[in-house]
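Each chain is listed here by its residues.
Number of protein chains: 2
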Amino acid sequence: MTFAQRLDNVETSAIRELFKLLGKPGIVSFAGGFPDVTLCDAPGITEAANAALKQDTAAALAYGATEGYMPLREQLTAFMRAKGATDVKAEQLIVTTGSQQGMDLLAKCMISPGDKVIVEGPTFLAAIQCFRLYGAEVITAPIDADGVRVDVLEKLVEQHQPKLVYLIPTFGNPSGATLTLERRRRVLEMAARTQTLVIEDDPYGDLYFDAPPPPTLLALSQEVPGSRGYLVHCGSLSKILSAGLRLGWLIAPPDLLARTVMCKQFSDANSSTLAQTTAAQYLAAGRMAATLDHARAAYGQRARTMCDALSAGLGDRLEFVRPQGGLFVWARLTGAGGALKDAKAWNERAVAEGVAFVPGAPFYASNADPATLRLSFATADDAKIREGVHRLVKALG
Amino acid sequence: MTFAQRLDNVETSAIRELFKLLGKPGIVSFAGGFPDVTLCDAPGITEAANAALKQDTAAALAYGATEGYMPLREQLTAFMRAKGATDVKAEQLIVTTGSQQGMDLLAKCMISPGDKVIVEGPTFLAAIQCFRLYGAEVITAPIDADGVRVDVLEKLVEQHQPKLVYLIPTFGNPSGATLTLERRRRVLEMAARTQTLVIEDDPYGDLYFDAPPPPTLLALSQEVPGSRGYLVHCGSLSKILSAGLRLGWLIAPPDLLARTVMCKQFSDANSSTLAQTTAAQYLAAGRMAATLDHARAAYGQRARTMCDALSAGLGDRLEFVRPQGGLFVWARLTGAGGALKDAKAWNERAVAEGVAFVPGAPFYASNADPATLRLSFATADDAKIREGVHRLVKALG
Numbered sequence: 001m002t003f004a005q006r007l008d009n010v011e012t013s014a015i016r017e018l019f020k021l022l023g024k025p026g027i028v029s030f031a032g033g034f035p036d037v038t039l040c041d042a043p044g045i046t047e048a049a050n051a052a053l054k055q056d057t058a059a060a061l062a063y064g065a066t067e068g069y070m071p072l073r074e075q076l077t078a079f080m081r082a083k084g085a086t087d088v089k090a091e092q093l094i095v096t097t098g099s100q101q102g103m104d105l106l107a108k109c110m111i112s113p114g115d116k117v118i119v120e121g122p123t124f125l126a127a128i129q130c131f132r133l134y135g136a137e138v139i140t141a142p143i144d145a146d147g148v149r150v151d152v153l154e155k156l157v158e159q160h161q162p163k164l165v166y167l168i169p170t171f172g173n174p175s176g177a178t179l180t181l182e183r184r185r186r187v188l189e190m191a192a193r194t195q196t197l198v199i200e201d202d203p204y205g206d207l208y209f210d211a212p213p214p215p216t217l218l219a220l221s222q223e224v225p226g227s228r229g230y231l232v233h234c235g236s237l238s239k240i241l242s243a244g245l246r247l248g249w250l251i252a253p254p255d256l257l258a259r260t261v262m263c264k265q266f267s268d269a270n271s272s273t274l275a276q277t278t279a280a281q282y283l284a285a286g287r288m289a290a291t292l293d294h295a296r297a298a299y300g301q302r303a304r305t306m307c308d309a310l311s312a313g314l315g316d317r318l319e320f321v322r323p324q325g326g327l328f329v330w331a332r333l334t335g336a337g338g339a340l341k342d343a344k345a346w347n348e349r350a351v352a353e354g355v356a357f358v359p360g361a362p363f364y365a366s367n368a369d370p371a372t373l374r375l376s377f378a379t380a381d382d383a384k385i386r387e388g389v390h391r392l393v394k395a396l397g
Numbered sequence: 001m002t003f004a005q006r007l008d009n010v011e012t013s014a015i016r017e018l019f020k021l022l023g024k025p026g027i028v029s030f031a032g033g034f035p036d037v038t039l040c041d042a043p044g045i046t047e048a049a050n051a052a053l054k055q056d057t058a059a060a061l062a063y064g065a066t067e068g069y070m071p072l073r074e075q076l077t078a079f080m081r082a083k084g085a086t087d088v089k090a091e092q093l094i095v096t097t098g099s100q101q102g103m104d105l106l107a108k109c110m111i112s113p114g115d116k117v118i119v120e121g122p123t124f125l126a127a128i129q130c131f132r133l134y135g136a137e138v139i140t141a142p143i144d145a146d147g148v149r150v151d152v153l154e155k156l157v158e159q160h161q162p163k164l165v166y167l168i169p170t171f172g173n174p175s176g177a178t179l180t181l182e183r184r185r186r187v188l189e190m191a192a193r194t195q196t197l198v199i200e201d202d203p204y205g206d207l208y209f210d211a212p213p214p215p216t217l218l219a220l221s222q223e224v225p226g227s228r229g230y231l232v233h234c235g236s237l238s239k240i241l242s243a244g245l246r247l248g249w250l251i252a253p254p255d256l257l258a259r260t261v262m263c264k265q266f267s268d269a270n271s272s273t274l275a276q277t278t279a280a281q282y283l284a285a286g287r288m289a290a291t292l293d294h295a296r297a298a299y300g301q302r303a304r305t306m307c308d309a310l311s312a313g314l315g316d317r318l319e320f321v322r323p324q325g326g327l328f329v330w331a332r333l334t335g336a337g338g339a340l341k342d343a344k345a346w347n348e349r350a351v352a353e354g355v356a357f358v359p360g361a362p363f364y365a366s367n368a369d370p371a372t373l374r375l376s377f378a379t380a381d382d383a384k385i386r387e388g389v390h391r392l393v394k395a396l397g
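Residue numbers (the UniProt record's numbering), protein chains in the order written: chain A, 1 to 397; chain B, 1 to 397.
Since the hints were made in silico from the structure, they are not lab data. Because the structure is a prediction, the values reported are computed rather than measured. Please note that a few of the clues may not be correct.
If chains are identical, the list can't say which one is meant, so a pair holds when it fits in one copy or spans any two.
Below 30 angstroms or equal to it, Euclidean Cα-Cα: the simulated DSS-like pairs (lysine-lysine) are [what the hints assert, rightly or not]:
no.	residue 1	residue 2
1	K384	K394
2	K116	K54
3	K344	K54
4	K54	K24
5	K54	K89
6	K384	K54
7	K89	K24
8	K384	K344
9	K384	K83
10	K384	K24
11	K24	K344
12	K394	K24
13	K24	K116
Modelling step: build the complete structure from the supplied sequences, incorporating the hints.
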């Protein structure tokens with residue numbers, strides 16, 4: 001069988017290889033990219049599902065509008081307004097099957113084969129692959145502890161005139177980094193000035209540990225004339241309510257939004273209305289604030305435990321910036337004292353010791369730094385985190 | 001903003017225009033393409049959702065395997081085996097976000113811009129659009145009352161060497177037609193002989209009124225050597241359990257299946273696990289047989305009422321084949337006695353009288369027959385169907 005040419009652009013063996021390692025019994029895994037399902041408010045979701053099936057029976061069981069279930073669109077709009085995007089209206093927001101579908105639809109609408117796309121290096125692996133499947137040439141803009149290097153990004157945009165720039169400005173995956181307020185302004189100014197579409201993917205922004213992060217690009221765009229017309233915001237319930245609902249949302253300029261709706265119609269018609277009506281009931285019941293407080297406290301505690309243990313156990317052999325939210329610590333082997341500098345080699349030794357993480361190379365569309373790695377603290381308790389780091393230290397030798 | 005070139009291949013204004021007409025108060029609509037949500041077993045689905053959230057809590061609320069929730073894959077496999085595809089294994093079946101996503105993934109995996117695809121004329125509109133969005137040139141194979149004209153199809157395949165042939169062999173949308181057993185064999189023989197991928201889209205096959213239809217291409221492929229390697233079967237729970245779950249499935253040869261899984265990973269990661277665990281519980285509870293009996297009886301009654309009323313009211317001015325299952329009557333204005341022959345013009349008059357259907361032209365990828373139309377009997381009761389047909393008769397004048 002001859003498959004479509006677009007499949008030639010995607011290489012997935014590196015990831016498959018990784019996940020093969022994780023089947024080992026007794027392994028402490030820092031490799032996952034997922035939130036902790038035990039933090040989900042299962043009773044609240046059950047109550048919401050029952051309310052949906054009882055009160056909104058037809059809406060829950062039938063096909064729905066491709067744009068999404070209007071009461072959910074309204075709830076999500078209110079959620080965004082409460083976070084500072086005070087001028088957003090429900091008509092500007094559509095529901096997607098996870099924010100992953102948002103990426104897929106945007107790529108489908110925007111990217112012709114050979115078009116250029118700029119992403120952070122490192123960034124979310126599935127976004128790189130998604131863009132490549134539509135034939136994009138993916139270009140990397142470097143990041144530091146303050147998020148994407150906007151000075152470099154501006155030059156890359158000028159040089160390459162990309163169809164879009166994809167950013168995770170807050171508690172990035174895998175970087176954990178958060179773009180500063182000043183850089184956020186500059187990104188928006190650049191979008192408006194160069195008429196370049198910027199996608200803000202924001203699945204983690206609500207998972208801050210202490211203080212809230214700077215306002216989203218969406219909220220800030222109200223203050224930067226002309227920027228809203230070149231900005232897409234993608235949100236997700238997967239990390240804050242339940243990944244099992246597979247619900248995200250997308251806020252985009254009207255002409256692009258209309259096209260994403262058309263593409264969604266021919267992709268999956270609509271997102272599960274059982275899930276949508278359940279989510280709408282959940283949000284209407286006002287439980288989200290407590291759910292978020294609970295998750296913030298748990299993840300914050302785990303992040304502190306992991307960072308403290310890494311510092312204590314590895315000293316200057318591993319460098320990292322303490323994340324202020326999200327699910328990940330992004331770290332770099334320094335080679336200090338002659339220690340290992342290759343994260344892939346370290347991971348192989350670590351798996352033999354009964355602990356795993358993800359070497360950083362696959363998160364780069366280009367110019368990978370082989371000394372980098374991602375550690376997730378999301379799903380292990382304090383004792384497991386300490387034991388896992390203990391094994392990591394042993395593995396580094 | 002400059003959008004992707006692929007969007008230039010799709011024209012949706014004809015459909016939008018249509019649906020604008022349906023907002024009129026008091027209208028009897030035969031225009032819908034949807035099943036009757038009131039036939040859903042809401043108590044059974046509620047029970048299943050509660051069982052899923054209680055017994056499979058983590059599976060219901062977390063991310064899941066891209067291939068689908070294994071207990072659901074096993075239930076769907078058993079469902080297919082019970083319908084004659086006795087050699088199918090759960091590993092050969094993946095869960096999709098409705099069978100619409102099956103089409104999207106198959107198109108993504110198979111179609112490079114300029115590739116050819118053969119579909120029935122008429123066929124499911126969203127399949128045509130889905131294929132065009134991946135740059136396909138869509139070619140039409142004519143149908144008659146016995147489904148696709150296999151003699152013509154064979155010649156078209158030889159002439160065009162398409163990447164795939166898309167068929168709805170049983171109770172087609174919009175045609176209502178069912179491919180005969182003999183033609184089914186010939187399709188499979190052609191697939192094996194010419195090494196041409198055939199997609200069997202089968203959302204309606206379980207909705208027969210009296211006798212079951214001929215075996216699916218999937219079941220029959222066991223008897224046609226070499227055909228299974230060029231056959232994809234797409235199924236859906238949308239018409240038989242609930243469209244709100246947004247769950248379908250796809251059975252494909254291993255090399256193609258692996259690629260659809262990869263594409264699904266970057267499309268929506270996995271289908272809603274809340275929906276999947278609910279569906280698995282529902283199927284395991286053994287309620288499906290009664291649910292199907294109920295739907296078959298209801299749709300069969302409505303189809304008879306509509307066909308009887310059309311024959312009585314319009315005589316030889318309208319020709320159609322009585323469907324043996326599904327949701328649709330496909331009909332053709334004959335112009336007998338000097339009556340109208342244009343379905344679009346009739347529909348405009350009909351809307352003025354308070355009844356609507358879908359003119360047939362948009363269901364053709366090419367060579368549309370403007371005298372054709374689709375009438376759905378799915379969502380109206382007998383009295384409404386009679387009143388609607390009465391208005392149709394008035395409108396034809």
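Which numbered hints are broken by the structure, listed smallest first? Numbers 2, 3, 9 and 13 - these are the hints that the structure violates, sorted from lowest upward.
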